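J.: Residue numbers (the UniProt record's numbering), protein chains in the order written: chain R, 1 to 194; chain L, 1 to 193; chain X, 1 to 524; chain V, 1 to 356.
Warning: the hint list may mix true and false statements.
[What the hints assert, rightly or not] Covered, in the sense of this in silico footprint (three residues per stretch, anywhere, with C-beta under 8 Å from a C-beta of chain L), are these stretches of chain V: (1) 41-50; (2) 315-322.
[What the hints assert, rightly or not] List time: in silico PhoX-like cross-link candidates among lysine-lysine, alpha-carbon distance up to 20 Å: (3) L/Lys34 with X/Lys416; (4) R/Lys121 with X/Lys272; (5) X/Lys272 with X/Lys257; (6) L/Lys34 with L/Lys168.
[What the hints assert, rightly or not] Cβ-to-Cβ under 10 Å is the rule here; a few derived chain V residues that face chain R: (7) Met5; (8) Leu6; (9) Ser7.
If you are wondering where the hints come from, they were derived from the structure by calculation, not from laboratory data. In this text the structure is predicted, and so the values were computed from the model without any measurement. Quick reminder that beta carbons are idealized off the backbone N, C-alpha and C, glycines included.
What follows is the residue order along each chain.
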Amino acid sequence: MISLLYALASLGAFALVAGIVLAIAQKVFHIEGDPMVDRLDTLLPQTQCGQCGYPGCKPYAIAVASGEADVNHCVPGGERTMLQIADLMGVEPKDLEEEAAAPMLAFVREDECIGCTLCIKACPVDAIIGAPKQYHTVIADHCTGCTLCIEPCPVDCIDMLMKPELIEHWSWPLPDTKRAQLGHERREQHAGHS
Amino acid sequence: MTEIALILLSSVLVNNFVLTKFLGICPFLGTSSKVETAVGMSFAVMFVMTVASTVSWLVQQYVLIPLELEYLQTIFFILIIASLVQFIEMMIHKTSPVLYQGLGIFLPLITTNCAVLGVAILNVQQEQTFLTSALYGFGAAAGFALVLILFAGLRERIEISPVPELFKGSPLALITAGMMSLAFMGFSGLVKF
Amino acid sequence: MPAIVRKLAQRLGMLQHSFVGGVHPNMHKLSADCGIEDCDLSPVHVLPMKQHIGEICSPLVAVGDQVLRGQKIAKSEGYLSVPVHAPTSGRVVKIEEHAIAHPSGMGLPSIFIESDGDDTIDESLSPISDWANSDPTQLRERARMCGLAGLGGAVFPTFIKLVQDKRFPIETVVLNGIECEPFLTNDHRLMLEHAEEILEGMAILMHMVGAASGIIAIENNKQDAAEAMQLALDARSDMDDVAVMVLPTRYPQGSEKQLIYTLTGREVPAGKLPMHIGVLCQNVGTTKALFDAVVHGRALTERIVTVSGDALPNPANLRVRLGTSVRTLFARQGLEDFSGTHIVHGGPMMGERLKHPDFPVVKSSTGLLAMSSQFMGSAHTVEQPCIRCGHCSEACPISLVPNLLADQCRSDQFDKAASYDLFDCIECGACSYVCPSNIPLVHYFRYGKGQLALQRREQAFADASRQRSEARDARIEREKAEKAARRTRVRQTHAPKTDQAKADTDKPAAVDSGAAAVSKESKD
Amino acid sequence: MPLIMLSSPHAHGGDSVRMIMLTVILALLPAAAVSVYLFGWLALLLIMTCMLSALITEAVCLKWMGRPVSTLLDNSAALTGLFLALTLPAATPWWMAVLGSVFAIVLGKQLYGGLGYNIFNPALSARVILLISFPLNMTTWIMPMTAGDPAINLYDFSTCATLFLAGPGALQLGFDAISMASPLGYVKTEATLGVPVSEALKAYDYSYLDAFLGFEAGSIGETSALALLIGGIFLLARHSITWHIPFTYIATVLLLSGLFNTLNPDQFAPPMFHLFAGGLILCAFFMATDPVSSPVTPLGQVVFAVGCGVITWAIRTWGGYPEGAMFAVLLMNCAVPLIDHYFRPRVYGHDHRNES
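Let's have the full structure, built from the sequences with the hints guiding it.
T.: See below:
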């Protein structure tokens with residue numbers, strides 16, 4: 001009986017000590033907010049397109065960091081972004097739901113524009129300039145191709161055009177050899193499940 | 001002095017916990033896909049193992065034996081280890097969020113890393129002194145760290161090799177671990193301990 | 001000799017410095033004995049708007065304009081750029097995109113000039129015969145005006161390097177006559193036939209940067225050129241501190257950084273220019289062009305091109321006007337049918353293979369090679385697995401570990417490749433040349449560099465977008481707050497108190513439901 | 001050649017994997033010839049069996065993995081078979097030779113993706129597997145040049161074939177007469193009994209000249225230091241290997257053993273004994289320099305070789321196994337990726353190594 005008491009008392013005392021130490025540690029190592037959100041946010045392409053189901057890149061980053069959203073919802077980011085997010089979060093990569101379209105640019109057909117400013121309000125990155133009753137113009141260097149301006153336009157004067165390919169931005173593809181194909185196979189496989 | 005060196009040599013190389021005692025295989029396979037993660041895991045395990053083996057020795061000598069509670073050994077040791085793991089988990093979460101994410105589930109699972117409990121119990125069984133048990137704990141952890149980091153390096157290389165489909169991932173990792181274990185058999189008998 | 005022993009000997013001064021690595025390719029200098037011939041004017045010259053490293057030029061002429069030889073037809077936009085000049089007199093017939101010597105097969109906006117056959121020279125630039133008493137900045141402007149860019153193949157705008165900076169005084173001017181690429185002989189012939197002009201150009205260079213000493217570096221497979229330069233040097237009294245140095249042949253000795261190390265034992269720090277260690281390095285061809293620009297007031301409108309290759313019947317060194325069609329050059333040397341031959345622009349080690357010969361000669365055209373399938377095939381056979389023999393590391397002149405880099409590029413570990421100094425690679429091709437497994441290492445590096453550049457571009461764009469987006473959110477927030485404040489003020493003055501309390505409780509709810517509706521909509 | 005995008009360079013030096021492998025095989029020929037001279041038909045049968053079974057295994061693996069069987073022509077499988085044979089004792093029965101070759105090709109090489117991807121030296125990993133699985137067979141050495149004994153004539157084909165096919169058991173009576181301990185094993189056993197090294201060597205009737213020429217017990221290819229050195233110098237001259245690994249490896253062993261021998265000659269064997277005994281020269285010139293499983297950079301190779309040297313000497317001196325060279329190489333093989341990472345050369349224009 002005595003030994004049982006000893007056992008309970010010593011175990012209890014030990015647990016208490018451990019608990020106090022951990023409580024102090026909790027105070028010392030307390031962290032504000034979630035540092036993962038900013039890291040995730042930098043990985044996202046910042047198109048603010050909302051294709052992930054969240055109203056912008058930052059909200060999606062918050063959702064991923066909290067574990068609420070899957071890693072594979074960013075459409076414009078494509079496979080690379082998905083892999084980077086999965087890598088950062090330490091989770092298994094998932095298949096993308098949608099293929100990313102080729103990069104596009106919005107273009108306002110100025111002779112049809114009525115100057116309603118609705119597209120200016122819709123643009124998440126302030127890439128459209130113009131005043132009421134004046135033609136609006138898309139700043140090509142700022143446009144992320146999110147297509148959010150198409151819908152509000154009452155006269156349908158906004159086109160999505162292919163981004164022009166520049167010779168300065170051309171880059172070498174992977175060598176077309178058997179070994180390179182093996183590498184690609186591995187990447188696909190990696191993206192698949194590993 | 002010689003004894004200290006021999007204890008370290010023995011626990012790091014000759015009686016390596018992973019490759020000759022086959023303890024701690026789970027984190028060995030789980031956290032070895034990247035060298036960076038492996039290094040982080042190594043430090044965490046080194047901390048937990050060294051402190052756990054000394055604290056558990058103290059508890060054994062000054063609480064369990066005087067009170068004749070040796071049968072509570074496992075519970076006490078696990079309690080010590082779990083608290084330490086909680087502590088290091090908070091610390092890593094604060095200092096390196098990326099490492100925290102990278103280690104994922106394996107960080108809290110150090111608690112169930114049989115090598116940690118193994119060191120604590122072996123210390124008691126082999127009737128080590130306070131100093132030697134601390135050394136033994138540190139040496140075992142260093143041995144774990146050594147093979148974990150070596151293995152992570154190998155796995156990073158295997159990762160970019162065209163391995164036959166059937167052996168991708170864990171199968172080849174286990175075969176490689178087996179080959180490493182064979183190589184480590186070369187150390188057998190190096191230190192009679 | 002083991003590297004350790006060599007380094008020790010170099011430290012002790014027992015041995016000349018020498019860059020690490022390198023290879024000894026078969027030189028194939030087929031056209032070494034062919035004197036420089038003048039190439040006839042083409043009926044049409046095509047001038048791409050960018051023939052240098054840097055920003056693209058914009059045309060100054062319109063279709064139908066008459067131009068003279070040496071007239072500026074495109075002006076530079078931005079600092080890192082040099083203008084383009086008409087290679088002969090004639091009429092601008094069109095301005096549109098035309099294929100250039102680029103591996104992508106893509107083109108650039110180009111000016112097409114129909115030659116009138118008179119070849120009238122634009123005399124607007126006056127010769128500066130008394131350059132020794134001229135202000136170096138004036139000479140520098142002349143170099144820029146005349147469109148000078150490195151004619152060794154890199155086409156870096158020359159004027160940028162010709163600067164006197166008190167922080168980095170230039171001590172040594174290095175004249176690069178190495179020409180370590182197989183097949184190419186244009187610099188060789190230039191040194192043989194125009195030694196005096198080159199030396200005069202070098203004197204101008206030294207005057208411009210205020211350098212006291214100079215080195216003319218020539219490989220020992222061009223002894224005759226070295227002798228010619230020495231002879232010309234001996235004839236001058238004002239260049240006592242200039243020496244001709246004959247170096248043992250090794251590729252890539254002609255690379256600026258390697259040459260500077262071999263000559264001075266000093267390395268150009270990563271990300272820096274030779275001027276930061278007090279050295280100016282110029283190709284002999286560029287130096288001759290500088291002489292022409294200063295002493296004759298002539299813009300860069302022609303260059304020496306080695307037309308060679310094992311599939312070409314008559315190799316030659318030609319003085320060619322820029323914009324001449326490569327097809328006509330090959331035809332002049334007896335090659336009309338291009339089936340089974342491969343065209344290389346530049347030398348075989350660093351040049352680009354092109355799919356057709358319908359592109360113009362530009363400032364970077366050191367050589368135009370017609371190679372047999374057999375020759376090319378030996379370099380481009382099926383890639384085998386790397387056996388990690390380490391020959392690539394030994395050959396690398398900047399001590400990279402090419403096989404690990406290639407593994408990283410292949411498996412898309414670009415950040416790791418960058419940390420292994422991928423961007424220090426000069427793409428000399430020595431690693432691929434020695435690889436027993438025929439791995440196209442340089443190709444992997446280019447792929448990796450391209451992908452990294454793309455990633456960095458995208459990241460920069462994303463960061464800018466985020467800033468704009470955050471600024472917009474902040475603005476909207478501020479406007480909302482201002483509006484609310486205004487409304488509150490208005491209500492406080494006009495409305496009864498009960499209404500205001502109601503509005504306060506209503507408003508947040510309305511906003512919330514609105515936001516929920518938005519997010520629901522976008523999810524759908 | 002298809003019309004695809006081809007990057008420079010458009011010239012090639014003409015080296016090929018096939019030639020590199022062939023060079024190593026040629027370099028091993030002196031050692032193989034000496035082994036046949038010393039161990040007669042046994043050595044020849046062993047070499048043939050190993051090479052043939054390695055080639056067949058490789059062919060089966062390639063077929064199974066859907067790769068071109070013509071890859072066999074790269075000579076790497078033949079080389080692995082030859083390597084393995086040279087590290088085996090002369091009295092190895094055929095099934096063990098075949099098993100070893102299969103281990104070497106399958107476990108050592110093909111599972112990792114084939115040529116160029118293996119982490120461990122295939123021949124050595126197979127050798128260690130055999131040693132641990134069949135310790136008795138793998139440490140039974142026979143006297144070289146046993147021509148005189150009428151019971152077992154190594155130059156008589158039928159005797160050797162019987163021995164090879166049925167194992168040592170078939171000739172139990174005569175076999176004991178020609179089996180003996182290797183110098184390393186003998187010294188180790190005596191040391192555990194407290195006999196000083198010099199006396200043990202005297203008792204063994206050890207002669208440096210014999211050891212240099214190869215007249216001692218051991219694996220068929222490792223006995224003759226002379227033949228191996230000829231091959232090694234050939235490799236160095238052909239630039240197939242660099243001096244870094246063999247020189248550093250041997251120097252480390254000599255230095256360590258010399259130092260300890262000076263301190264206590266009774267307990268520690270002299271450096272020359274370490275040099276000629278066992279597989280040190282074979283491992284230093286041929287096994288540790290296997291390009292695939294050794295570091296790429298010169299500095300890394302030096303580090304690798306120092307590690308090999310220290311471990312070899314430590315196992316020989318204190319370990320449970322008499323010979324440590326192959327364990328040392330295998331152990332250092334594990335560290336190659338890390339060595340490659342941490343011991344890269346200083347890049348032109350950068351002040352420090354790996355400052356990134």
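J.: Look at each hint and say if it fits the structure.
T.: Cross-check of the supplied hints:
Proximity of the region 41-50 of chain V to chain L, defined as three or more residues with a beta carbon under 8 Å from a beta carbon of that chain, is not established by the 0 residues found. Restraint check on the region 315-322 of chain V versus chain L: 5 residues with Cβ-Cβ distances below 8 Å, three needed, restraint holds. Only pairs whose Cα atoms come within 20 Å are accepted, and L/Lys34 paired with X/Lys416 is accepted, the gap being roughly 12 Å. Only pairs whose Cα atoms come within 20 Å are accepted, and R/Lys121 paired with X/Lys272 is rejected, the gap being roughly 46 Å.
Of the pairs offered as hints, the one joining X/Lys272 and X/Lys257 holds, with about 11 Å between alpha carbons and a cut-off of 20 Å not exceeded. For the suggested pair L/Lys34 and L/Lys168, the alpha carbons sit about 16 Å apart, so the restraint of at most 20 Å is met. Nearest Cβ of chain R to the Cβ of V/Met5: about 6 Å, under the 10 Å cut. The hint holds. A least Cβ separation of about 8 Å between V/Leu6 and chain R falls short of the 10 Å threshold, and the interface hint therefore holds.
Taking 10 Å as the C-beta cut-off, the interface hint given for V/Ser7 holds, the closest approach to chain R being about 6 Å.
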